[in-house]
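If you read the sequences in order, they're chains U and Z.
Note that numbering that gives the first Met the number 0 gives residue 17 to position 18 of the first sequence, counting from 1, and the numbers run on in steps of one.
Note that numbering that gives the first Met the number 0 gives residue 84 to position 85 of the second sequence, counting from 1, and the numbers run on in steps of one.
Everything labelled a hint here was simulated from the structure, so no lab data went into it.
A portion of the hints provided could be inaccurate.
Restricting the straight-line Cα-Cα distance to at most 16 Å, the calculated cross-link-like pairs of lysine to aspartate or glutamate (EDC-like) are [claimed, not checked]:
id, chain 1, residue 1, chain 2, residue 2
1, U, 290, U, 335
2, U, 290, U, 253
3, U, 322, U, 287
4, Z, 86, Z, 70
5, U, 373, U, 383
6, Z, 49, U, 89
7, Z, 111, U, 383
8, Z, 58, U, 89
9, Z, 54, U, 91
10, U, 310, U, 270
11, U, 136, U, 250
12, U, 322, U, 383
13, U, 50, U, 79
14, U, 333, U, 383
15, U, 48, U, 89
16, Z, 54, U, 89
17, Z, 55, U, 91
18, U, 277, U, 383
19, U, 277, U, 250
20, U, 322, U, 270
21, U, 326, U, 298
22, Z, 49, U, 311
23, Z, 55, U, 9
24, U, 306, U, 383
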Amino acid sequence: MWVTDMLQSEKRSLFRFLGIYLSSTFLLFFLATVIFYAFQKHQIIDAQKDKLKQEAVKITAELTLLHETFSSSLIYPYKEPFKSAIYNLDREYIFGSFKPKHLVWDKEAYQESNQLIYIHALHPYYLGASYLVVSTKLDAKPLNDLFTISILFIVIAGLFFTLLGFFLGKLFIMPMKESMESMNRFIEDTTHELNTPISTILTNIELMDALYDCEGKTEMRRIEIASKTLSRLYEDLSYLKLNHNYHRQIERVDFTGLLYDRIEYFHTLIEAKKIYLKVNLAEAITLDIDKNDAIRMVDNLLSNAIKYNRKEGNLEVTLTDEKLRIKNSGMGIKKEEIKHIQHRFKRANRSEGGFGIGLDIVGQVVKRYGFNFKIFSTYTKHTEVLITW
Amino acid sequence: MVKTVSIYIVFFFFLDSKALAQSKVEHRCMGCHIRQKIPSELIYRRYLMKYSTHKKIRKVMLAYLKEPKKENSIMPKQFFLKFPLKKAEDTNSSDLVQDIERYLEYLDIREKFVLP
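Construct the entire structure; sequences and hints are all you get.
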């Protein structure tokens, strides 16, 4: 479904909207159904009580007739499914087709387990009967039918409102989706246009470095740093753009070697900022990973550690059997910023350039391979990034 | 054997006491009622319809038998045009109470009812 094509923020907005919308709608419908069920149940029971009342009137008429005839044998009026009994003014049992163990005299009609009981007061006391108690078994079928209908109603209404919610949610996030798409299109176009000139600059710098003994070494290095920064930015943006369609080739990568290569790649940048580099890499550490994923992860971590470091600061890169640790002596991150720092376009510090996509890429790689990713930082002191596998 | 004999004794004693009570009612109450054609069941029915319980009937019957007046009777005035007003009973109250009890037992509505 189209939900799978959404960005994390879009999904979050949609699910928040659906959560509020569906929970409030379900609560409203549930309450309405409960009230409807209670009302209808009352009506059904009342209708059955009315039948008891009608039967009581019939029995009373027959008792009156018996009183008039008063023959030696009085045949008690008894018709299934109703049972009845007569009581005198002191509520003592006279006769009946049943003898209830317990009666609630202060109620005219009530339900006891599955029996409906109606107490009909008589006056005058024909045959000495002051009360006529009529009872019948509660007909559960209409109540069961009502229950089934209520449940069906909740289920059907639930399905309908869930679908409606998805449709409304889609409309709701449409503007956000459009703005994200236009931003992505812009990045795509920009990166495409940047690719050729960056490649040309870097190739020519390498050629000039190899072929000519150039006098402006410092200026050349600056051009190289700037070009590499642009090149990395291009790689990152391409990676994000192609992430879903990119065919990964998982292979055993010499992670120690790869780390040495990437540190070498950033060497110009490290030297330019006069950062003291301390490298402590265990020998022959390998990981089952796509090489490009590994490069993007390491490049972004190193780039951030250099970019957000002090001039003449420290940078420690440590690799063991189970973890990669990169620690710098940079400006640090505020405690409240740490949990948001991995979100795309989020930057804790705007003093340096960038789009704020670096840790988003690292987060994606880490998630894809099931690694653990932790950031420890003391604001204005240092930041430590730890990846364990 | 002893148990069976005991049960028979109790049963016959019960039958005998009931028969005795019935003969007493017939002797002391119903004799006059039958001779003078006074409708006992009609009177009982009227008492039932007005008072519902034997407890109340016993009380008002006792009051009437001690002082039989038209005002104390449950029956309509016209009834006494046809049937004579009873003379006051000279028996003591406990005998009278027992007679009323036997009379009510004799006519007891509960004994008349049957299920179809």
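Checked hints:
1. Between residue 290/U and residue 335/U the alpha-carbon distance is near 33 Å, which puts this suggested pair outside the 16 Å criterion.
2. With a C-alpha separation of about 9 Å, the suggested pairing of residue 290/U with residue 253/U holds against the 16 Å cut-off.
3. As the CA atoms of residue 322/U and residue 287/U are separated by approximately 14 Å, the hinted pair is consistent with the 16 Å bound.
4. The hinted pair formed by residue 86/Z and residue 70/Z meets the criterion: a straight-line CA distance of about 14 Å does not exceed 16 Å.
5. At roughly 8 Å between alpha-carbon atoms, residue 373/U and residue 383/U fall within 16 Å of each other, so this suggested pair holds.
6. Our distance criterion of 16 Å between C-alpha atoms is met by residue 49/Z and residue 89/U, whose separation comes to about 13 Å.
7. Straight-line distance between C-alpha atoms of residue 111/Z and residue 383/U comes to about 102 Å, which puts the hinted pair past the 16 Å bound.
8. Note on residue 58/Z and residue 89/U: the hinted pairing holds, with a Cα-Cα distance of about 15 Å set against a maximum of 16 Å.
9. At roughly 11 Å between alpha-carbon atoms, residue 54/Z and residue 91/U fall within 16 Å of each other, so this suggested pair holds.
10. Between residue 310/U and residue 270/U the CA atoms are separated by roughly 10 Å; this keeps the pair inside 16 Å, and the hint holds.
11. Note on residue 136/U and residue 250/U: the hinted pairing is violated, with a Cα-Cα distance of about 75 Å set against a maximum of 16 Å.
12. With a C-alpha separation of about 12 Å, the suggested pairing of residue 322/U with residue 383/U holds against the 16 Å cut-off.
13. Distance restraint check for residue 50/U and residue 79/U: the Cα-Cα separation of roughly 13 Å lies within the 16 Å cut-off, and the hinted pair is therefore satisfied.
14. Between the alpha carbons of residue 333/U and residue 383/U the distance comes to roughly 13 Å, so the proposed pair stays at or under 16 Å and holds.
15. Taking the CA atoms of residue 48/U and residue 89/U, the gap is about 25 Å. The hint is violated against a cut of 16 Å.
16. This hinted pair checks out: residue 54/Z and residue 89/U have alpha carbons roughly 9 Å apart, not beyond 16 Å.
17. This hinted pair checks out: residue 55/Z and residue 91/U have alpha carbons roughly 13 Å apart, not beyond 16 Å.
18. Restraint check: the Cα-Cα separation between residue 277/U and residue 383/U comes to about 14 Å, which is no more than 16 Å; the hinted pair holds.
19. Taken as a hint, the residue 277/U and residue 250/U pair is broken in the structure, with Cα atoms around 28 Å apart against an allowance of 16 Å.
20. At most 16 Å may separate the alpha-carbon atoms for a hinted pair to count; residue 322/U and residue 270/U exceed this at roughly 26 Å.
21. At most 16 Å may separate the alpha-carbon atoms for a hinted pair to count; residue 326/U and residue 298/U meet this at roughly 14 Å.
22. A C-alpha spacing of about 117 Å is found between residue 49/Z and residue 311/U, which places the hinted pair above 16 Å, so the restraint is violated.
23. In summary, the hint linking residue 55/Z to residue 9/U is not supported, as the alpha carbons are separated by about 86 Å, beyond the 16 Å threshold.
24. Distance hint between residue 306/U and residue 383/U is fulfilled; the C-alpha atoms sit about 14 Å from each other, no more than 16 Å.
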